[in-house]
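Quick mapping for you: the protein sequence lines, in order, are chains A and B.
Residue 78, in our numbering, is where the first sequence stops; the numbers in between run on with no holes.
Residue 146, in our numbering, is where the second sequence stops; the numbers in between run on with no holes.
Rather than coming from a laboratory, the hints here were simulated on the basis of the structure.
Errors might be hidden in some of the hints.
To be verified - The list that follows gives simulated cross-link-like pairs (lysine-lysine, DSS-like), each with its CA atoms no further than 27 Å apart: (1) K55/A - K122/B; (2) K76/B - K55/A; (3) K6/A - K4/B; (4) K4/B - K76/B; (5) K44/A - K130/B; (6) K48/B - K45/A.
Note that this is a predicted model, so its numbers are computed, not measured.
What follows is each chain in one-letter form.
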Amino acid sequence: MKVEVKYYGYIAEQLNKSESSVEIDEIGRNDLKAFFEGIHPFLKKTTFCVAVDKKVCNQIGPELEVGQIALLPPFAGG
Amino acid sequence: MGKKQVLRQGPISPEFIAGSIAKHQVKTQIGAHDIFLGQVRRDEIDGKLVDRIEYSAYNEMAEDIFHEIREEAFEKFDLVCMHIYHSLGEVKAGEICLFVFASAKHRKAVFEAIEYLVESIKLRVPIFAKEILEDNSFVWKENHYD
Numbered sequence: 001m002k003v004e005v006k007y008y009g010y011i012a013e014q015l016n017k018s019e020s021s022v023e024i025d026e027i028g029r030n031d032l033k034a035f036f037e038g039i040h041p042f043l044k045k046t047t048f049c050v051a052v053d054k055k056v057c058n059q060i061g062p063e064l065e066v067g068q069i070a071l072l073p074p075f076a077g078g
Numbered sequence: 001m002g003k004k005q006v007l008r009q010g011p012i013s014p015e016f017i018a019g020s021i022a023k024h025q026v027k028t029q030i031g032a033h034d035i036f037l038g039q040v041r042r043d044e045i046d047g048k049l050v051d052r053i054e055y056s057a058y059n060e061m062a063e064d065i066f067h068e069i070r071e072e073a074f075e076k077f078d079l080v081c082m083h084i085y086h087s088l089g090e091v092k093a094g095e096i097c098l099f100v101f102a103s104a105k106h107r108k109a110v111f112e113a114i115e116y117l118v119e120s121i122k123l124r125v126p127i128f129a130k131e132i133l134e135d136n137s138f139v140w141k142e143n144h145y146d
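Take the sequences, apply the hints, and build the full model.
Shown next, in the form of structure tokens:
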């Protein structure tokens, strides 16, 4: 499945882009962090989480239609 | 309850905070307010001082999470009203980047609510901060939890 992926903060800076369209395979759907670490090895050395349709989540269920995925570096609000 | 816009461009001015307090003088069922103000600290990092922070966010998710946190606080604590404002963009050292304002009939509810709100915001809202140092180099900030 092809999904729109958004990048924020440190991750966007490292990739030099704020979004892209990514094809995610069946294995990737079950472990999104590992999938994105495979594409972007620098992520293995950093702390980040994945949001699926604005909820922190590491997988996409087989039945779920996904609108948007985001890769989020550590939060620093406040 | 409708969603309120929390994220605002630039620092939160003392005048805005004073105006917000003044607006509550007509809400005479309130007996206690508590306020948390987050201020950008001029930390020293590798011998250089922080000049400002540049905030960015996953805006749509951040507003959703702020809404969830507000709803949770209204359920948990006996509040009359509550307001949260958080900066986006540049905020200089010494300026205010977070304004949380809780009001209730009695003090205990607002003391507890403010702590819950601020800790939840720091932990759960996807806001990112770049600390820009006096020589324009920068470091990405990360919240720490005790």
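Consistency of the hints with the structure:
1. For the suggested pair K55/A and K122/B, the alpha carbons sit about 16 Å apart, so the restraint of at most 27 Å is met.
2. This hinted pair checks out: K76/B and K55/A have alpha carbons roughly 22 Å apart, not beyond 27 Å.
3. Between K6/A and K4/B the CA atoms are separated by roughly 24 Å; this keeps the pair inside 27 Å, and the hint holds.
4. For the hint pairing K4/B with K76/B, the CA-to-CA distance comes to about 19 Å; that is within 27 Å, so the pair holds.
5. Between K44/A and K130/B, the direct Cα distance comes to roughly 21 Å. Compliance with the 27 Å bound is thereby established for this hinted pair.
6. At most 27 Å may separate the alpha-carbon atoms for a hinted pair to count; K48/B and K45/A meet this at roughly 25 Å.
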